[in-house]
Amino acid sequence: MILKFITASILCGISFVQGYDVYSQNELVPMEGHKVKQVLKSPLPHEYLNAEALPESFTWKDVNGMSFVTRNLNQHIPQYCGSCWAHATLSALADRVKIARKAKGVDINLSVQVILNCAQNVAGSCHGGEPSGVYEWAHNNSVPFDTCQQYKAIDEECIPSNICRSCTSFSSDCYAVSQYPNVTVSEYGLVQGEANMMTEIYERGPIACDINSGQLHTYTGGIVDYPEVLEPNHSVEVVGWGFEEGKKIWYIRNSWGEYWGEQGWFRMVRGENQLGIESGCTWAVPGSWTEV
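Counting with mature numbering (1 follows the signal peptide of the UniProt record, and there is no 0), you get residues -19 to -1, 1 to 273 for the letters of the sequence shown.
These aren't lab readings, by the way, just hints derived from the structure by calculation. Please note that the accuracy of each hint is not assured.
[As the list claims (entries may be wrong)] Using 25 Å as the maximum straight-line C-alpha spacing, the simulated DMTMM-like pairs for lysine to aspartate or glutamate come out as follows:
id : residue 1 : residue 2
1  : Lys83     : Glu253
2  : Lys22     : Glu184
3  : Lys85     : Glu226
4  : Lys85     : Glu184
5  : Lys83     : Glu168
6  : Lys85     : Glu272
7  : Lys22     : Glu253
8  : Lys42     : Asp88
9  : Lys228    : Asp206
10 : Lys42     : Glu175
11 : Lys18     : Asp206
12 : Lys22     : Asp206
13 : Lys42     : Glu226
14 : Lys22     : Asp127
15 : Lys42     : Glu225
16 : Lys229    : Asp43
17 : Lys228    : Asp88
18 : Lys229    : Glu209
19 : Lys18     : Glu212
20 : Lys228    : Glu37
21 : Lys133    : Glu239
22 : Lys16     : Glu37
23 : Lys228    : Glu243
24 : Lys42     : Glu253
25 : Lys16     : Asp154
26 : Lys229    : Asp88
27 : Lys22     : Glu272
28 : Lys85     : Glu168
29 : Lys228    : Glu175
30 : Lys229    : Glu37
31 : Lys16     : Glu33
[Unchecked claim] Estimated spans, in silico, between C-beta atoms of each pair:
id : residue 1 : residue 2 : range
32 : Val20     : Ser48     : 25 to 31 Å
33 : Lys83     : Val158    : 40 to 46 Å
34 : Lys22     : Thr201    : 21 to 27 Å
We put the CB at the ideal spot given by N, CA and C, even for glycine.
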């Protein structure tokens, strides 16, 4: 199934008017404060794994009948926010924590809102950002669970009550919580190319990748097969690969809610760098986490 749609260059979201015209705005924004693109401490999977020896199909959504992915997210509620770069990276990190925990216990979901509040100079804002900046910030700090700070889809100031808060009654103000559950990052880096992406995913977990979202706007299902390499303007999470309908494919999670695509997911052709999906991806290794 070849999907041909209108092209747009808006990172992380869609703004529809009648006729599916799109107000386009490129929000893939290099961040001035993002200085350290990689922190490498251990050998990279592509240095010791042969991609040709990997399974024909593999996805963290289903490993011997067990799912190692956390819940789907929607960056567009309660209002539009161009935070795909934060959603993709934190989804991948949360999934890697779940993998490290062998899918035991309650899933740990991370606060995207804290990144919007406190990592604006390093990672980005609702007007776009740089995915690897999320991991630099998480490496230097820690990311609270989302029960500390619910997603508001706005940029707020970085004060203690905007990192973790609680409220006691209707008549009293909310207050900052100083001790809270969190996840840290021990190392992070960049990966590109089909083979290197496959070895990274197989060995350590899902990754966040940049893509051009223009061909995804009206996607409802099937395999995206659009043989063009377009400039990326959106970030998604790649959790595995497969072979379907005679095509090599990627299994990918978006952050537009479960009413979009295949319940929030999509499949697209692998190995041709379509829509720039294999041009630039980001990974992180969890350091520590609060057990629940």
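Comparing the hints with the structure gives:
1. Lys83 <-> Glu253: Between Lys83 and Glu253 the Cα gap is close to 33 Å, so the pair fails against 25 Å, i.e. violated.
2. Lys22 <-> Glu184: Distance of about 15 Å is within 25 Å: holds.
3. Lys85 <-> Glu226: violated, 34 Å
4. Lys85 <-> Glu184: holds, 19 Å
5. Lys83 <-> Glu168: holds, 20 Å
6. Lys85 <-> Glu272: Roughly 10 Å separates the two Cα atoms, so the pair holds.
7. Lys22 <-> Glu253: Violated, at roughly 30 Å.
8. Lys42 <-> Asp88: The hint holds at about 14 Å.
9. Lys228 <-> Asp206: With a Cα-Cα distance of about 9 Å, the restraint between Lys228 and Asp206 holds, given a limit of 25 Å.
10. Lys42 <-> Glu175: Holds, at roughly 19 Å.
11. Lys18 <-> Asp206: Cα-Cα ~31 Å, so violated.
12. Lys22 <-> Asp206: violated, 37 Å
13. Lys42 <-> Glu226: holds, 20 Å
14. Lys22 <-> Asp127: Outside the cut-off at roughly 28 Å; violated.
15. Lys42 <-> Glu225: holds, 16 Å
16. Lys229 <-> Asp43: holds, 18 Å
17. Lys228 <-> Asp88: violated, 33 Å
18. Lys229 <-> Glu209: Satisfied, since the Cα-Cα distance of roughly 16 Å is no more than 25 Å.
19. Lys18 <-> Glu212: holds, 20 Å
20. Lys228 <-> Glu37: At roughly 11 Å apart (the allowed maximum being 25 Å), Glu37 and Lys228 satisfy the hint.
21. Lys133 <-> Glu239: Since the Cα atoms of Lys133 and Glu239 sit roughly 18 Å apart, the hinted pair holds (cutoff 25 Å).
22. Lys16 <-> Glu37: violated, 37 Å
23. Lys228 <-> Glu243: holds, 18 Å
24. Lys42 <-> Glu253: holds, 23 Å
25. Lys16 <-> Asp154: Answer violated: Lys16 to Asp154 is near 37 Å, above 25 Å.
26. Lys229 <-> Asp88: Measuring from Cα to Cα gives roughly 31 Å; hence the hint is violated.
27. Lys22 <-> Glu272: holds, 24 Å
28. Lys85 <-> Glu168: It holds: about 23 Å lies between the C-alpha atoms, which stays within 25 Å.
29. Lys228 <-> Glu175: Given pair Lys228, Glu175 holds - Cα atoms ~14 Å apart, limit 25 Å.
30. Lys229 <-> Glu37: The given pair, whose Cα atoms are some 9 Å apart, holds under the 25 Å limit.
31. Lys16 <-> Glu33: violated, 35 Å
32. Val20 <-> Ser48: 25 to 31 Å: holds, 29 Å
33. Lys83 <-> Val158: 40 to 46 Å: With Cβ atoms ~29 Å apart, the hint is violated.
34. Lys22 <-> Thr201: 21 to 27 Å: Hint violated: Cβ distance 42 Å, outside 21 to 27 Å.
Hint violations for this structure: numbers 1, 3, 7, 11, 12, 14, 17, 22, 25, 26, 31, 33, 34, all remaining hints satisfied.
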